[in-house]
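Chemist: One-letter residues, chain by chain:
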Amino acid sequence: MKQYTDLQVELIAINCLFRAAFPDSPFCAFTMNMGPETVCIGHRDFWNLVYGTCPIGALGPFNHRTGGHIILHEPKVIFEFRRGDVMFIPSGAVTHENVPIAEGEKRYSFTMYTAGGLFRYIWCGLRTVKEVRETDEDLYTRYVAEGPGRWEGGWKRYSTIDELIAQARGRIL
Amino acid sequence: MHELTYVVKVQQPRRDWENIYHRAESAFEVLSKHYSLEPHRRGHFKTRNCGVAIGPGSSVRGILYLSYLLLSHPQAPHLLSESEAESEIHAEFIREVEQYVRHFTGMFLPRHLACIKFTTLSISFSSFVDA
Numbered sequence: 001m002k003q004y005t006d007l008q009v010e011l012i013a014i015n016c017l018f019r020a021a022f023p024d025s026p027f028c029a030f031t032m033n034m035g036p037e038t039v040c041i042g043h044r045d046f047w048n049l050v051y052g053t054c055p056i057g058a059l060g061p062f063n064h065r066t067g068g069h070i071i072l073h074e075p076k077v078i079f080e081f082r083r084g085d086v087m088f089i090p091s092g093a094v095t096h097e098n099v100p101i102a103e104g105e106k107r108y109s110f111t112m113y114t115a116g117g118l119f120r121y122i123w124c125g126l127r128t129v130k131e132v133r134e135t136d137e138d139l140y141t142r143y144v145a146e147g148p149g150r151w152e153g154g155w156k157r158y159s160t161i162d163e164l165i166a167q168a169r170g171r172i173l
Numbered sequence: 001m002h003e004l005t006y007v008v009k010v011q012q013p014r015r016d017w018e019n020i021y022h023r024a025e026s027a028f029e030v031l032s033k034h035y036s037l038e039p040h041r042r043g044h045f046k047t048r049n050c051g052v053a054i055g056p057g058s059s060v061r062g063i064l065y066l067s068y069l070l071l072s073h074p075q076a077p078h079l080l081s082e083s084e085a086e087s088e089i090h091a092e093f094i095r096e097v098e099q100y101v102r103h104f105t106g107m108f109l110p111r112h113l114a115c116i117k118f119t120t121l122s123i124s125f126s127s128f129v130d131a
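Protein sequences appear in the order of chains Y and A.
Following our numbering, the numbering of the first sequence begins with 1 at its first residue and continues without gaps.
Following our numbering, the numbering of the second sequence begins with 1 at its first residue and continues without gaps.
I should point out that these hints are in silico values taken from the structure, not numbers from a laboratory.
Even for Gly, the Cβ is constructed at its ideal location relative to N, Cα and C.
Among the clues, some could well be false.
Unchecked claim - Part of the chain A face toward chain Y, derived, beta carbon under 7 Å:
1. Pro13
2. Thr47
3. Gln99
4. His103
What the hints assert, rightly or not - Only some residues are given here: those of chain Y computed to face chain A with a beta carbon under 8 Å:
5. Thr31
6. Ile71
7. Gly84
8. Trp123
9. Gly125
10. Asp136
11. Leu139
12. Tyr140
Here chain A stands alone, though its shape is the one from the complex:
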């Protein structure tokens, strides 16, 4: 009980959760029509990242290019690349899943979520290379 817990599975909320995640599933269904299957290192399914990134592995979103240039060097943090059309599609997706995502972030708000299952991992500090 005194060991640190690295993995937590969160209890599904009782009220309305089914409706909330069904709405998120519909948003995924709509979004997936805009993308095609491409193999990648995690498997063979459609995938897309959004948000702030850093480094040469991701490109800069078009409309933010000017602000990007204003930053002092080329590997500064930036928004992940997306076309204007994609930007609209993603904005719609975000609107549709907002309530669903609150379940991911709710535990960081004053009212914490209940947790029903815990898994403790024994991780040796020497097992990994410091990032």
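Next up, chain Y with everything else stripped away, as it sits in the complex:
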């Protein structure tokens, strides 16, 4: 998450209006899925930082035993997702969808994310990749060459189960 909060600092330096809508949040944007039957078809949130995490919460009166389950395609996982539950997934990389809910039930969802383009904008020295490609060959070559390192480094930022348990208990391994 340090990468996310560092990005926020950079963005606020560009424009002080780019503060997070929620003061404690490291994410730059959020989505309000107002239903009344928020049931997603399989998708990846391709605007997100691809290895970045994204919290998703479900709300509303629906039977989580019969609908609203989360389906994650690549890991081949389906699990119940209750009203009030929150999970974190790399939503730009993992295809996800919901099991439909029953007629008359309501389901909302709330998600937070940061666009990958914002990170690329900072990595490219406050320019888009397209601009760099057209105007700065050296920087563009370096940016492309550093891609695999960013990719692997990004995924390595995730924690192991042991580390998560330790953090949940208030200590660090």
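Use these hints to put chain A onto chain Y, whose structure you have.
Modeler: Okay, now just chain A, sitting in the frame of chain Y:
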């Protein structure tokens, strides 16, 4: 246990959580009255994004147009488009869900949340295109 964990389902807090998420649900109920159903790539439900974005796929919020123009080029980061009326509605929504959202962000604060379920994913680096 030494593999990296990419998906985490967070335990629901014990105290007051029901009241907190009921309040958030009421905020969704109110908000949804201001929008109509439109099909989109993720399904058929009302949806709206807020916050900072970048690129040609999103437009600039009206009151920030001047600061947007002051930036050096047209694809700079900007706040997602919303009318003044929407801005007020969203501000009210944010106030109502603030406590609920703290559950999303609390793990990034000093006191970490407990996690009860973990799912490990095997992701091959070659499976995806580098963004």
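Chemist: Could you run down the list of hints and mark each one as holding or not?
Modeler: Hints and how they fare:
1. Pro13: 9 Å, violated
2. Thr47: It holds, given that the least Cβ distance between threonine 47 of chain A and chain Y is near 5 Å, below 7 Å.
3. Gln99: 10 Å, violated
4. His103: Interface hint status for histidine 103 of chain A: holds (6 Å vs cutoff 7 Å).
5. Thr31: 5 Å, holds
6. Ile71: 12 Å, violated
7. Gly84: 4 Å, holds
8. Trp123: This interface hint is violated because 11 Å lies over the 8 Å limit.
9. Gly125: 11 Å, violated
10. Asp136: Constraint on aspartate 136 of chain Y not satisfied, violated at 13 Å.
11. Leu139: 15 Å, violated
12. Tyr140: Violated: closest Cβ of chain A sits about 14 Å from tyrosine 140 of chain Y, beyond 8 Å.
Comparing the model with each earlier hint shows violations of hints 1, 3, 6, 8, 9, 10, 11, 12; every other hint is respected.
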